[in-house]
Structures are given as structure tokens and as C-alpha cells.
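Number of protein chains: 2
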Amino acid sequence: MRWKCGCSYDGTDFAGWQTQSGQLSVQEAIEEALSEIFKQKTRIVGSGRTDAGVHALEQVFHFDFDWAHDPQSLQDAMRSCLPNTIAPLYVESVDDSFHARFSAVSKRYQYRLQFGDASPLNIRYCWPIKGNLDFERITQAADLLTGQRDFAAFAANRGVEYESTVRNITRIDIREDDAYCYMNFEADGFMYKMVRGLVGTLVNVGLGRMTVAEVSDLLHSAERTPMVFVAPAEGLFLEKVFY
Amino acid sequence: MRWKCGCSYDGTDFAGWQTQSGQLSVQEAIEEALSEIFKQKTRIVGSGRTDAGVHALEQVFHFDFDWAHDPQSLQDAMRSCLPNTIAPLYVESVDDSFHARFSAVSKRYQYRLQFGDASPLNIRYCWPIKGNLDFERITQAADLLTGQRDFAAFAANRGVEYESTVRNITRIDIREDDAYCYMNFEADGFMYKMVRGLVGTLVNVGLGRMTVAEVSDLLHSAERTPMVFVAPAEGLFLEKVFY
Chain U
6 MRWKCGCSYD GTDFAGWQTQ SGQLSVQEAI EEALSEIFKQ KTRIVGSGRT DAGVHALEQV
66 FHFDFDWAHD PQSLQDAMRS CLPNTIAPLY VESVDDSFHA RFSAVSKRYQ YRLQFGDASP
126 LNIRYCWPIK GNLDFERITQ AADLLTGQRD FAAFAANRGV EYESTVRNIT RIDIREDDAY
186 CYMNFEADGF MYKMVRGLVG TLVNVGLGRM TVAEVSDLLH SAERTPMVFV APAEGLFLEK
246 VFY
Chain X
6 MRWKCGCSYD GTDFAGWQTQ SGQLSVQEAI EEALSEIFKQ KTRIVGSGRT DAGVHALEQV
66 FHFDFDWAHD PQSLQDAMRS CLPNTIAPLY VESVDDSFHA RFSAVSKRYQ YRLQFGDASP
126 LNIRYCWPIK GNLDFERITQ AADLLTGQRD FAAFAANRGV EYESTVRNIT RIDIREDDAY
186 CYMNFEADGF MYKMVRGLVG TLVNVGLGRM TVAEVSDLLH SAERTPMVFV APAEGLFLEK
246 VFY
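Chains as they are written, first to last, in the working numbering: chain U, 6 to 248; chain X, 6 to 248.
I should point out that these hints are in silico values taken from the structure, not numbers from a laboratory.
Hints may contain errors.
Each computed EDC-like pair below joins lysine to aspartate or glutamate, with the alpha-carbon atoms no more than 16 Å apart [said to hold, decoys possible]:
#1 K46(U) / E36(U)
#2 K46(X) / D81(X)
#3 K135(X) / D81(U)
#4 K9(X) / D148(X)
#5 K135(U) / D69(X)
#6 K46(U) / D71(U)
Taking beta-carbon pairs under 7 Å as the criterion, some of the chain U residues facing chain X (in silico) [stated by the list, open to error]:
#7 S13
#8 N89
#9 T90
#10 I91
#11 A92
#12 L126
#13 I128
#14 E181
#15 A184
#16 Y185
A virtual CB, placed ideally from N, CA and C, is assigned to each residue, including glycine.
Produce the entire structure from the sequences given, and follow the hints as far as they go.
See below:
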């Protein structure tokens, strides 16, 4: 019996989504909770990784277990076994063909910038920016980056070989008020550190450290260069996974 | 030369304001930063303590040092020496008669409640409340608690003998929207855990676990009882100190 679960988490205290030796990962914390509830070692499959310090408004994972009770009781049990920095949003039974990673058709991320000095009360949740951002230039660069493109320049490969570095960014939506700027990215998939590379680039354009033409060159080079500034993990939120 | 400094902090990672053996306190972190900048052991005096997990939008402290440069450079130096969970808001030179604790005439605290299940992304900054709060009853109880009263019932003494347990609460202001409730308290002073005892009491009244008459009895008893529920530290913010 396969279960699909949505969860949110504060990435601050975790070594990212993925289980790795040493520091506790979100995946590991959830697997420990489920193993405790089911009284047997349980593995989960997430829609994809998030890095250390990156948050999730809604991450999705699946797991298999013959739970005899209703989904709500499973969600309640998870809530009480998990640290309060991870919360199950829903648990629903799905067809065995559902796969949290391979069935995902697109994802949405949000990145949060704060203008001026960061407040200690949201330093874990945004990237503080000093200086004025030119939103007209940012929008021009964002338009360039929207669509089906080879984003090789924006992917850190971390020893992983991608079959293809072409992704389709269907939407880059940028909103700002006096204190914050929110950058929303929607695509059929994102490579490792790609959103943070895009944000770092857009901010550099906004600060006048990079021209829109240089972004175009970067994109067409299809090669990772040190010109791509990777924005800090703290400002990034996995917002939604679409199936 | 005496300096007055305003600072905000996220109380999550600290053992409260006050220096104590073991875990790092906010005071200690600031004294370490100043000692590093001034190249000599420096002590500060805060307006009062905040408990472990309690935050500050604006805490005030003073210290003495013959700083030869301008206040802005001192603030900048502090910002770069402090952990990013503590931020100096301003530094200004004051008369030697100024005392962060004894010159304070009143303080304002804010307490934040969240309705329903807490989100992992603000569990450090609010108290999640399940069930509906009756704000008419809460307002009645808040009215009872406003004014010059003996708040002995709401003070945890922690071995400290207060000269007087009479305080003048000049304002209890309660605002709510769909997701949050903000309780603001202003008084000439607060005793140890007093705000959290008031919040716990108001929430119990709102949930129907206590009557307004019982709050009145509690207040008039002028004795601490186990009936006073102390709300969690996480939802509490020292908002402003008035001089």
C-alpha cells in the first residue's frame, strides 16, 4: 500500500533533505518517525533534494506500508513523532504507480530577499540585500531565462552527470514591497543549486554588477563559470510539487 | 563615556539574556563582541532579563567605554562581531546618569499565538493554539488585569524576593486575524514570567478552561498558584523599552 505525504519543514537545523552520514537530514528524521510508528525500518522517497538550510512549504514523499487505520491517524502519529520543525500536511493513499520523484511534472520554488540589514528574526529565512535593485533590468534578465533553455551554466554538478541540462522554466514571477522581494520560479525540474544560481545572477543584474547581455552570454555558453553567484540557502523555499 | 544601545535578537539559540554558566546568553555574546572590539573585558547592563527562547524586537543595554570614533562605526563593528541572530539597532552616547535598567519607565511586550497546527516555519516564534478562543471573555479578563494591581499570583519568584508585586499595566491590546492573535502588554515593569502567566491565563479563559470570575479571584488572592499556566517562551517578544 503506497502513501503520498506532503510536509513542510524549517531547514535550519538539518543537513538538507538527503540522508548522509553525520548530521541529521529531513529524510532521516521522517524515516525514524515512521520506523517508530510502524515498528519496522521504513524508507521514504522524496520528490527531490533540498540543501542544508533550504526550507519547504510543501515537499512531497512516498512510502509503502500496510497501515490498517485511517490516514488522519497516521498523520497524527507522524506529527507527534516528528520534531516540531517538520510537519506532515496531509497523508493520502495512492496507486502503486505513483512515485514522488518520477511522477512529478513540475515544481515551484520561492526565494525571499530582504532589503537592508537583516533582522535576527528572519535571518534564517531570507537573503539580506544592501543597495538598490533595478527591477527593470531584473525583469529583462528573468525574461531571458524563462522558457526551454540549456541551464548548464546554472547547475552545480556535484559529481552528478545530468542526462540533459535543458529545463523548461514556465514562470519567473518577481514581487516586491518596501521590505522584501519574492522571486518565484516554476519549471519542469531544477538541477542542483540551479534556483540559487538564478537568484544570485538576477540579484547581480539588479545591483548593476552584471549586464543583461552577460546573462545571455552565460546562458548560451552552457558551461558553469565562477560568474554564477549562488544565493544563500536560507532564502529558498520549496513551495509546491505538481503531479 | 556611556553608550546606550538598542538590539534585536532571536532567542532560540540562547540561554536567555542573563549570563549564566553553561549555555551562551545574549548578554555574554554581546560582551564578547564588545570585548573583542575594545580589546578589553567589557560588561553591559540590560534593561532586564528575557528567558531562554524569548525574542527581542528592541532590548536596550548600556556600557561604558571611551570610544574615539563615531557611533555608526561602533554599531558597524558590533554588527560584524556579533552572531547574525543578534543585531545592534542603534548606538548613542548618553549622560552618565542613564541606566538601562533603573532609568526605564515602562516596557512593551508582544505575545504571538497561532491558530491551529503550528507551521515548522514559525514554531520558534509563536504558541500554536487548538480550539476556538472566545475573545469577548478574553477582553473581559484583560480589562480586569489592566491598571495598578498586585500581580503576585502571576510572578514566578525564582528565589528572588520582590520589594513589591504591584505593577501598573497601562495597556493590554489584543488583535487577531484568521491565522494569528497578537497580545500586547505595556506596564511600568513586569516580574519574572509575568507576561507568560498573563497570556496563559487569558488563553485559558478564551478556551473556556477558566472563568473571568476565577481570574478575578486569582488576582485578589495575590498568591502564586498552579492555576496560572505559563505560556511557552517562543511566542514572546520584548518590543520596546521606554525611558
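Hints, one by one, checked against the model:
Our distance criterion of 16 Å between C-alpha atoms is met by K46(U) and E36(U), whose separation comes to about 8 Å. At roughly 19 Å between alpha-carbon atoms, K46(X) and D81(X) are farther apart than 16 Å, so this suggested pair is violated. In summary, the hint linking K135(X) to D81(U) is supported, as the alpha carbons are separated by about 14 Å, within the 16 Å threshold. For the proposed pair K9(X) and D148(X), the alpha carbon gap of about 35 Å is over 16 Å, so the pair is violated.
The suggested pairing of K135(U) with D69(X) is violated, with an alpha-carbon distance near 31 Å, which exceeds 16 Å. For a cut-off of 16 Å, the pair hint linking K46(U) to D71(U) stands: about 13 Å separates their Cα positions. For S13(U), the suggested interface contact is upheld, since its CB lies about 5 Å from the closest CB of chain X, less than 7 Å. Below 7 Å, beta-carbon pairs count as interface contacts, and N89(U) has one with chain X at about 5 Å; its hint therefore holds.
Hint status for T90(U): holds, given a least beta-carbon distance of 5 Å to chain X, under 7 Å. Here the hint on I91(U) is kept, as its CB sits about 6 Å from the closest CB of chain X, short of 7 Å. For A92(U), the shortest C-beta to C-beta distance to chain X is roughly 5 Å, which falls under 7 Å, so the interface hint holds. Given hint, L126(U) at the interface with chain X, holds; its Cβ is 5 Å from that chain's nearest Cβ, closer than 7 Å.
Because the smallest distance between the Cβ of I128(U) and any Cβ of chain X comes to about 5 Å, under 7 Å, the interface hint for this residue holds. For E181(U), the shortest C-beta to C-beta distance to chain X is roughly 21 Å, which exceeds 7 Å, and the interface hint is violated. Look at A184(U): its Cβ only gets to about 14 Å from chain X, farther than 7 Å, so that hint breaks. Interface hint status for Y185(U): violated, as the beta-carbon distance to the closest one in chain X is roughly 15 Å, over 7 Å.
Consistency with the previously given hints fails for numbers 2, 4, 5, 14, 15, 16, ordered from lowest to highest.
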